[in-house]
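Peer 1: The primary structure of each chain is shown beneath.
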Amino acid sequence: MTVATANPPQHNSLLGTLGRDGLIQIILIANTFIMLAPIVIMVFSAFKTNPEIFQSPFSIPDFTHVDNFVRIWTETNFLRYLINSFVVTGGAMALVLTLGTMAAYAIARYEFFGASFILLFFLAGLTLPLKLAIIPLFMLMRDLGLLNNQFSLIFVYTAMGLPTTVFIMTGFIRSLPNELEDAARMDGASEARIMWAIMLPLVRPAMVIAGIQNVVPIWNDFFFPLVFIQNDNLKTLPQGLTTFMGEYSTDYGVLYSGLTLSALPIIIIYILLSRQFIAGMTAGAIK
Amino acid sequence: MAKLRMTGRGLWITTLVAPPLAFVALFIVYPIIAAFAYAFFDWQGLLRGEFVGFANFHQVLFVEPYASWTRNAFTHNIIVFFALMVLQNGLGFLLAYGLWRGLPGARFHRIAVFMPVVLSTIIVGYLWKLFYHPLFGPVNQVLRGIGLDQLAQPWLGQSSTALWALIIANAWHLVGFPTLVFLAGMQRIPTEILDAARMETESEWVKITQIVWPLVAPSATIVFVLLFVGAFNWFELPYIMAGLDGSPFGSTDVLGLYFYRTAFGNVSAGTQDFGLGSALAVLIFIFIAAVASVITVRLRAREIQV
Numbered sequence: 000m001t002v003a004t005a006n007p008p009q010h011n012s013l014l015g016t017l018g019r020d021g022l023i024q025i026i027l028i029a030n031t032f033i034m035l036a037p038i039v040i041m042v043f044s045a046f047k048t049n050p051e052i053f054q055s056p057f058s059i060p061d062f063t064h065v066d067n068f069v070r071i072w073t074e075t076n077f078l079r080y081l082i083n084s085f086v087v088t089g090g091a092m093a094l095v096l097t098l099g100t101m102a103a104y105a106i107a108r109y110e111f112f113g114a115s116f117i118l119l120f121f122l123a124g125l126t127l128p129l130k131l132a133i134i135p136l137f138m139l140m141r142d143l144g145l146l147n148n149q150f151s152l153i154f155v156y157t158a159m160g161l162p163t164t165v166f167i168m169t170g171f172i173r174s175l176p177n178e179l180e181d182a183a184r185m186d187g188a189s190e191a192r193i194m195w196a197i198m199l200p201l202v203r204p205a206m207v208i209a210g211i212q213n214v215v216p217i218w219n220d221f222f223f224p225l226v227f228i229q230n231d232n233l234k235t236l237p238q239g240l241t242t243f244m245g246e247y248s249t250d251y252g253v254l255y256s257g258l259t260l261s262a263l264p265i266i267i268i269y270i271l272l273s274r275q276f277i278a279g280m281t282a283g284a285i286k
Numbered sequence: 000m001a002k003l004r005m006t007g008r009g010l011w012i013t014t015l016v017a018p019p020l021a022f023v024a025l026f027i028v029y030p031i032i033a034a035f036a037y038a039f040f041d042w043q044g045l046l047r048g049e050f051v052g053f054a055n056f057h058q059v060l061f062v063e064p065y066a067s068w069t070r071n072a073f074t075h076n077i078i079v080f081f082a083l084m085v086l087q088n089g090l091g092f093l094l095a096y097g098l099w100r101g102l103p104g105a106r107f108h109r110i111a112v113f114m115p116v117v118l119s120t121i122i123v124g125y126l127w128k129l130f131y132h133p134l135f136g137p138v139n140q141v142l143r144g145i146g147l148d149q150l151a152q153p154w155l156g157q158s159s160t161a162l163w164a165l166i167i168a169n170a171w172h173l174v175g176f177p178t179l180v181f182l183a184g185m186q187r188i189p190t191e192i193l194d195a196a197r198m199e200t201e202s203e204w205v206k207i208t209q210i211v212w213p214l215v216a217p218s219a220t221i222v223f224v225l226l227f228v229g230a231f232n233w234f235e236l237p238y239i240m241a242g243l244d245g246s247p248f249g250s251t252d253v254l255g256l257y258f259y260r261t262a263f264g265n266v267s268a269g270t271q272d273f274g275l276g277s278a279l280a281v282l283i284f285i286f287i288a289a290v291a292s293v294i295t296v297r298l299r300a301r302e303i304q305v
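Protein chains in written order, with numbering that gives the first Met the number 0: chain A, 0 to 286; chain B, 0 to 305.
Calculated directly from the structure, the hints in this document are not laboratory data.
Since the model is a prediction, treat every value here as computed from it, not as a measurement.
Errors might be hidden in some of the hints.
Said to hold, decoys possible - Derived DEER-like restraints, expressed as beta-carbon distance ranges: (1) B:Glu-203 <-> A:Asp-61: 42 to 52 Å; (2) A:Gly-18 <-> B:Gln-152: 49 to 59 Å; (3) A:Arg-19 <-> B:Pro-18: 53 to 63 Å; (4) A:Arg-173 <-> B:Gln-152: 49 to 59 Å; (5) A:Arg-19 <-> B:Phe-107: 15 to 25 Å; (6) B:Phe-35 <-> A:Ile-26: 39 to 49 Å; (7) A:Ile-33 <-> B:Ala-289: 27 to 37 Å; (8) A:Asn-49 <-> B:Gly-264: 42 to 52 Å; (9) B:Pro-103 <-> A:Val-207: 41 to 51 Å; (10) A:Ser-248 <-> B:Gly-264: 19 to 29 Å; (11) A:Leu-201 <-> B:Gly-264: 37 to 47 Å.
Stated by the list, open to error - Derived contacts from chain B toward chain A, CB cut-off under 8 Å, selection only: (12) Ile-31; (13) Ala-34; (14) Gln-140; (15) Ala-216; (16) Phe-273.
The C-beta atom is built at its ideal place from N, Cα and C for all residues, glycine as well.
Construct all of the structure, not just a fragment, from the sequences and the given hints.
Peer 2: This is how it looks when you write it as structure tokens:
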């Protein structure tokens with residue numbers, strides 16, 4: 000099956016094609032402008048003072064005027080929130096990928112009683128909106144002594160990430176050929192060694208897809224910290240944002256610079272890895 | 000020997016499967032089952048009281064003021080769903096169609112349309128809250144700049160526009176997702192079918208409605224269901240832009256906010272009530288599951304295998 004893009008029309012009038020393509024191009028350019036303008040205005044405004052934002056909201060600012068950023072950096076807990084987000088996201092991702100690969104490997108490579116049931120069990124978790132179970136989760140975390148503890152977030156994110164990870168990884172691991180594995184088994188390699196040394200190096204591409212699919216929602220999540228974390232020193236970035244957005248509510252330049260600093264890490268990574276991001280984030284929705 | 004090997008294999012498989020299963024069982028399956036159970040009890044703060052049957056359900060559905068709060072929030076979710084169906088999925092389809100032609104710059108447009116999708120809803124919410132600011136917000140500044148001063152208004156501060164302001168912000172944030180799902184669907188349409196269609200008709204409209212739209216049906220199923228689930232789970236954006244009460248005057252109140260407020264309390268609603276909150280959660284949950292299943296089955300039926 001060939002991929003169909005840019006099929007030159009065969010017997011259309013050239014003028015008609017130009018007109019239609021021109022219209023499409025205008026719509027796409029207008030849309031791209033609408034997509035990027037808010038982000039550009041955010042970055043520009045981050046370098047401005049209140050009067051500047053009021054008088055010339057769209058002008059290119061003096062990029063050496065970094066007072067707003069300095070205030071965010073020195074007067075708020077921004078760095079702390081950033082580190083917390085890294086800790087929580089990193090911990091959850093490590094667990095999700097490890098456990099997800101383990102389950103997917105077992106389901107995909109071995110025939111055993113209950114394998115399809117276990118896969119179904121994971122898939123059921125795909126569509127369930129866990130937000131609605133927040134009351135029992137809150138009680139569970141309280142009973143486990145994990146309220147105001149980053150493990151509450153790491154565990155919930157791990158559980159939430161497992162269904163998609165198992166789904167993506169199982170499909171991929173199933174598609175790997177048997178020959179390598181069989182040869183190693185002939186040579187007397189243990190199952191654990193076959194998995195670790197032979198199969199795992201092959202599943203890296205699927206891990207990247209599953210990783211991106213999970214890392215973005217986990218990094219961006221706000222709901223679970225809102226319920227589980229009260230201690231300011233443990234807050235993640237989206238949650239911390241609500242704290243200092245309240246503090247500087249009329250200092251618009253500072254607000255914009257807080258948003259810019261929070262958005263920047265993921266925007267830069269996205270620009271560098273846009274292909275992987277798009278593939279990863281739409282992986283669940285595309286067969 | 001054979002038996003020993005079997006148990007060794009069984010142990011190995013268990014080692015692989017048990018820990019991930021335990022996570023899903025403890026942090027997804029158990030809480031969801033427990034949410035159903037919680038709804039049938041009376042709660043005093045964090046303490047579970049006596050079994051009350053369907054009393055909590057009855058209260059949130061039929062006893063004032065809860066009944067009208069529930070109706071109000073539910074109506075807003077419906078509006079949000081249909082508005083985003085047009086603004087997010089409809090626009091997404093058109094943009095995908097444009098990108099699919101692979102005109103110069105298509106790659107750049109594709110990266111741009113997806114960029115807001117990677118941002119946290121919290122960032123997007125605050126950004127648009129600043130944009131809608133009556134005096135300092137770029138939205139009103141643009142309107143004044145082009146001489147439409149009379150259109151400049153406090154978008155988030157008045158009941159008539161607040162919900163729509165939120166819907167626009169949401170569409171800006173997420174339109175890239177259906178766009179790229181539809182695009183992937185279009186790119187899977189076999190060239191032969193398109194060539195055959197080109198022989199038959201010149202009309203772009205006929206090609207879209209008769210060829211492309213039916214053939215991207217699987218993508219449509221996915222984005223419709225995801226939008227439905229998303230619209231009825233809507234929480235972060237209204238929480239940031241309109242606050243927990245769905246201000247002004249409940250005009251942006253949706254089930255997510257209402258549920259959170261009921262369960263965990265806030266300044267105006269006073270005490271938290273896990274019983275009523277759980278009843279709401281169960282009702283929302285059943286509604287989402289039932290409608291999402293019907294949508295999926297109905298839409299699957301019109302999917303064509305190529």
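Peer 1: Check each numbered hint from earlier against the structure, then list the numbers of those it violates in ascending order.
Peer 2: Numbers 2, 8, 9, 11 and 15, in rising order.
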